[in-house]
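Participant: Listed here are the chains, written in short residue letters.
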Amino acid sequence: EPEVTQTPSHQVTQMGQEVILRCVPISNHLYFYWYRQILGQKVEFLVSFYNNEISEKSEIFDDQFSVERPDGSNFTLKIRSTKLEDSAMYFCASTGTSGVTDTQYFGPGTRLTVL
Amino acid sequence: GEDVEQSLFLSVREGDSSVINCTYTDSSSTYLYWYKQEPGAGLQLLTYIFSNMDMKQDQRLTVLLNKKDKHLSLRIADTQTGDSAIYFCAADTGRRALTFGSGTRLQVQP
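Protein chains in written order, with the numbering used here: chain L, 1 to 115; chain E, 1 to 110.
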């Protein structure tokens with residue numbers, strides 16, 4: 001069964017450093033998403049991406065964050081200058097159908113630890 | 001915006017039925033989902049229901065939707081120890097951004 005994959009599974013970084021989290025969505029999917037889950041808290045929407053541009057973003061997704069689909073398979077989340085409060089599990093998700101709400105399939109997540 | 005609420009904890013005995021409840025605020029929610037998260041793992045889609053349905057059954061899982069009260073429930077029949085996990089309710093208003101509840105931790109006692 002096709003699945004969303006994410007790398008790395010765990011990333012440790014120093015405060016102020018840039019990190020790039022990588023995702024490979026399901027191959028025929030069209031919409032891509034990033035969510036995060038701070039330990040013990042709700043899963044929060046960050047951003048959605050379609051047709052090589054951001055469709056929606058939340059208040060959390062400020063200028064420190066950017067997303068990119070650098071090739072036909074990868075979808076990345078970049079955090080420019082990490083803060084301690086960026087420590088969280090980051091989930092990538094994808095859906096297949098354009099124009100109609102479709103089920104979002106999630107990857108296993110990347111745990112980001114900012115020291 | 002949408003707000004989704006769940007009770008935090010449920011404990012049942014193996015073989016019993018579990019019922020996990022969820023409420024949401026936005027009546028325009030089109031799809032409502034249940035995800036399962038095991039320790040250290042990602043979010044596994046369990047089932048979903050479209051807003052024009054009242055009930056959906058999928059093997060041991062039954063989802064009930066009361067649109068008037070904006071109440072969603074997940075019933076797990078014959079609960080097993082492997083069902084122990086956190087269960088998240090999520091709502092999609094068609095804006096393609098899921099809003100999640102805080103999760104219900106299900107503990108199944110042998």
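Treat the hints with caution; some may be incorrect.
To spell it out: a stretch of chain E is covered by chain L in this simulated footprint if at least three of its residues, at any positions, have a beta carbon under 8 Å from a beta carbon of chain L; those stretches are [unchecked claim]:
#1 42-48
#2 98-104
From chain E, some residues computed to sit far from chain L (all C-beta separations above 10 Å) [as the list claims (entries may be wrong)]:
#3 V12
#4 Q59
#5 S84
#6 A90
Treat the hints as calculated values from the structure; they're not laboratory data. Computed from a predicted model, the values in this text were never measured in an experiment. Glycine included, each C-beta is placed from N, C-alpha and C at the ideal position.
Participant: Looking back at the hints listed earlier, which ones does the structure fail to meet?
Facilitator: 6
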